[in-house]
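Visitor: Chain by chain, the residues run as shown.
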Amino acid sequence: MKYLSEYRNLEATKRILDEIHKITTREWHIMEICGGQTHSLVKNGILELLPEKVRMIHGPGCPVCVTPLNLIDKAIELLEQGVIVCSFGDMIRVPGSKKSLLEAKAKGGDLRILYSPIEAVSIAKQNPTKEVVFFAVGFETTAPANALSVLHAEKEGILNYSILASHVLVPPAMEAILDDKFCSIEAFLAAGHVCAIMGIQEYYPLVEKYKIPIVVTGFEPLDLVQGIYMAVKQLEEGNHQLENQYARVVKEHGNTSAINVIQKVFKIGNREWRGIGEIPNSGYVIKTEYQKYDAELKFKINNIKVPENDKCVAGEILRGIKKPHQCNQFAKTCKPSNPLGAPMVSSEGACAAYYHFSDNLIE
Amino acid sequence: MDIENIGFETINLGHGSGGELTRNLLDKIIFKTFSNPYLDQKHDGSIVKIEGEIAISTDSFVITPIFFKGGNIGELAVHGTVNDVAMCGAIPKYLSLAFIVEEGLKVSEFIQIVQSVKKAADESGVLIITGDTKVVERGKGDKIFINTTGFGLVHPKANISVDTIKEGDKILVNGYIAQHGMAIMSEREGLNFESTIESDTTNLNFIVTELLDKFGDKIKLFRDPTRGGLGTVLHEIANDISKGVFLKEKNIPLEKQVSAACEMLGLDPMYVANEGVFLVIVDSSIELEVLALMKNHKKGKNAAIIGEITSEHPNKVVMQSSIGGKRIVSPLVGEQLPRIC
Chain A
0 MKYLSEYRNL
10 EATKRILDEI
20 HKITTREWHI
30 MEICGGQTHS
40 LVKNGILELL
50 PEKVRMIHGP
60 GCPVCVTPLN
70 LIDKAIELLE
80 QGVIVCSFGD
90 MIRVPGSKKS
100 LLEAKAKGGD
110 LRILYSPIEA
120 VSIAKQNPTK
130 EVVFFAVGFE
140 TTAPANALSV
150 LHAEKEGILN
160 YSILASHVLV
170 PPAMEAILDD
180 KFCSIEAFLA
190 AGHVCAIMGI
200 QEYYPLVEKY
210 KIPIVVTGFE
220 PLDLVQGIYM
230 AVKQLEEGNH
240 QLENQYARVV
250 KEHGNTSAIN
260 VIQKVFKIGN
270 REWRGIGEIP
280 NSGYVIKTEY
290 QKYDAELKFK
300 INNIKVPEND
310 KCVAGEILRG
320 IKKPHQCNQF
330 AKTCKPSNPL
340 GAPMVSSEGA
350 CAAYYHFSDN
360 LIE
Chain B
0 MDIENIGFET
10 INLGHGSGGE
20 LTRNLLDKII
30 FKTFSNPYLD
40 QKHDGSIVKI
50 EGEIAISTDS
60 FVITPIFFKG
70 GNIGELAVHG
80 TVNDVAMCGA
90 IPKYLSLAFI
100 VEEGLKVSEF
110 IQIVQSVKKA
120 ADESGVLIIT
130 GDTKVVERGK
140 GDKIFINTTG
150 FGLVHPKANI
160 SVDTIKEGDK
170 ILVNGYIAQH
180 GMAIMSEREG
190 LNFESTIESD
200 TTNLNFIVTE
210 LLDKFGDKIK
220 LFRDPTRGGL
230 GTVLHEIAND
240 ISKGVFLKEK
250 NIPLEKQVSA
260 ACEMLGLDPM
270 YVANEGVFLV
280 IVDSSIELEV
290 LALMKNHKKG
300 KNAAIIGEIT
310 SEHPNKVVMQ
320 SSIGGKRIVS
330 PLVGEQLPRI
340 C
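Sequence order for the protein chains is A and B.
By numbering that gives the first Met the number 0, the letter at position 152 of the first sequence is numbered 151, and the numbering carries on one by one without gaps.
By numbering that gives the first Met the number 0, the letter at position 34 of the second sequence is numbered 33, and the numbering carries on one by one without gaps.
Be a bit skeptical, because a hint or two may be false.
Quick list of in silico lysine to any residue cross-link-like pairs, SDA-like style, CA-CA up to 25 angstroms [stated by the list, open to error]:
1. B:LYS298 <-> B:SER310
2. B:LYS118 <-> B:GLU166
3. B:LYS255 <-> A:ASN8
4. A:LYS331 <-> B:LYS247
5. A:LYS334 <-> B:LYS249
6. A:LYS334 <-> B:PHE66
7. B:LYS325 <-> A:LYS97
8. A:LYS13 <-> B:LYS247
9. A:LYS334 <-> B:GLY227
10. A:LYS129 <-> A:GLY156
11. A:LYS124 <-> B:SER258
12. A:LYS104 <-> B:GLY333
13. A:LYS104 <-> B:GLY227
14. A:LYS129 <-> B:ARG187
15. A:LYS98 <-> A:GLY108
16. A:LYS104 <-> B:ASP141
17. A:LYS334 <-> B:HIS312
18. B:LYS217 <-> B:GLU166
19. A:LYS331 <-> B:PRO313
20. B:LYS298 <-> B:ASN11
21. B:LYS298 <-> B:TYR37
22. B:LYS139 <-> B:LYS217
23. B:LYS247 <-> A:LEU46
24. A:LYS334 <-> B:VAL153
25. A:LYS97 <-> B:VAL317
26. B:LYS249 <-> B:GLY323
27. A:LYS106 <-> A:GLU76
28. A:LYS13 <-> B:LEU253
29. A:LYS13 <-> B:PHE66
30. A:LYS21 <-> A:LYS334
31. A:LYS104 <-> B:LEU253
32. B:LYS217 <-> B:GLU136
33. A:LYS286 <-> A:CYS182
34. B:LYS139 <-> A:GLU79
Incomplete in silico selection of chain B near chain A, CB under 10 angstroms [stated by the list, open to error]:
35. LEU25
36. ASP26
37. LYS249
38. ILE251
39. SER320
Source of the hints: derived by calculation from the structure; they are not laboratory data.
Nothing here was measured: the structure is a model prediction, and the numbers come from that model.
The C-beta atom is built at its ideal place from N, Cα and C for all residues, glycine as well.
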């Protein structure tokens, strides 16, 4: 695991930071798309090491944060129907309209925290008299494993398994942000892990259409400062190109086997984003031939609809219009122990990242 | 101990009834293992003579799985309480030992746990002087729960109190953090990751006594960051003393494999549980001597000075990251949850 030491090297990071300071002549607004990048920026204290003029805006790339409220209510409904619901860890504390999955578990629901949806298929196999649902949220990164779980279940003839899917896609979200009339973003750090799956070709048209620099960036401190440097350099030179900082992981065409698996099970469709609303063609929906693995149809829960909490400004946070500490509820009524919205729950959420690691220092 | 002579293979409700089966379990396993003059009286309790100030601490142990790399619930139940007594600046002497067993536990497993309790108690220099065994119906426990209460004599030179902590005092830890939590994680259902990470469960009373022998009241505080990890305990301390804690990430001892496992699972080692780690806050005039003593002790080979008490940012723990940035180390809310990607 040399990546853990070499990409966190003080001298190398400092050298690049010095370069950023040297070349920055005016204020720039750069959005890091991915919640993992936000987490790393604050956890490593990078924000305060950047020139004041380089403003990082935290994007919507936190899967927990953009999962719509009604989907959480749907998962809770399944738990209450006696279904074994399997989920990634940080989904379980997100408040639904009445309670969170964790609270539903305390009331007797069989909720399992897993790292891989394939485990959920095994649980279905071990519990043939019970229904098992995997709460399949996430961006392009988690889609292959979720799709694979459906293919596994099909291959093994497991009929008591299905997924509650809410997959969203990065490029349409970037476009929605850029089309927003309040948008002040001048460059993007694209999400390295999403590009590791999908490749980088989808981003060329964005660069051209919006004349905006996009740098595919990794997650370690050195990756991030290098990505920021590349973005600032393009901005200062008046360029707009697609660059790949994370070339050790991201290939031009991505991971073709993973893409094949996704395309077998999912097709592109409209998706609702928490705090943003519906974005056309912004997510994956289960293809007709795999509909028997679609928990929403199987359990007839697709009519559950609930309004968002009107005190939570998650939408503005996720679009980069407000920073977490600019919210009236931040660190007052909204804390990780009592989150009003999802960005305060996940460690990748901008609000939780600010609460835990940085801005509550300033009181 | 020969299981065949015990006469039963699993523990059932009858073993907790107080009748003959209970006596059978106690005689054949408990009294036989822990025999000492206090326990051999087989009375409702024990009468012991302790002169001077005593420190008392109690703890209940509920862990899944009960057997893990580097130990089992039995030694954990001894080390946990022995260490809590030691953290008070006391020399642990006696332990009570109470089991709540779920019906159906294999006797072989029970014996293995009892023997681990015995070994850990012997190594820690404490006697089990009273105890209890209850059996609950299947489904009403998680194989076995253990409660221990420890009694210790306060070290004559000890003056352990948060009130003595002042700006400039140094914070040291005795070794690698996050080992125990990650060892348990690696064996939890649904994770399927293989590692050789072992729990660090061990007794810390002798190294604590040595520190007090040599440095007396220049030692301000001992704490063992078990549940909630180093981050949570330091945050509690900062709040208790209304001062700030400043840490340097690069000085915090973290074994490579543990670091990699935390990274992979999306967990922060600052919040992962420890069972053989303690932190000590000392006057800055003795920091290097304390470090030297700890490094020469087998329970402190990887000791390090990790930070200091500061008047800046009161009530907060601030850590300088390995690349020179700063961040807040906030207390853990609920259980640490693995991230999605």
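Visitor: Which of the listed hints are not met by the structure?
Guide: Numbers 1, 2, 4, 5, 6, 7, 11, 20, 21, 22, 24, 25, 29, 30, 31, 32, 33, 35, 36, 38 - these are the hints that the structure violates, sorted from lowest upward.
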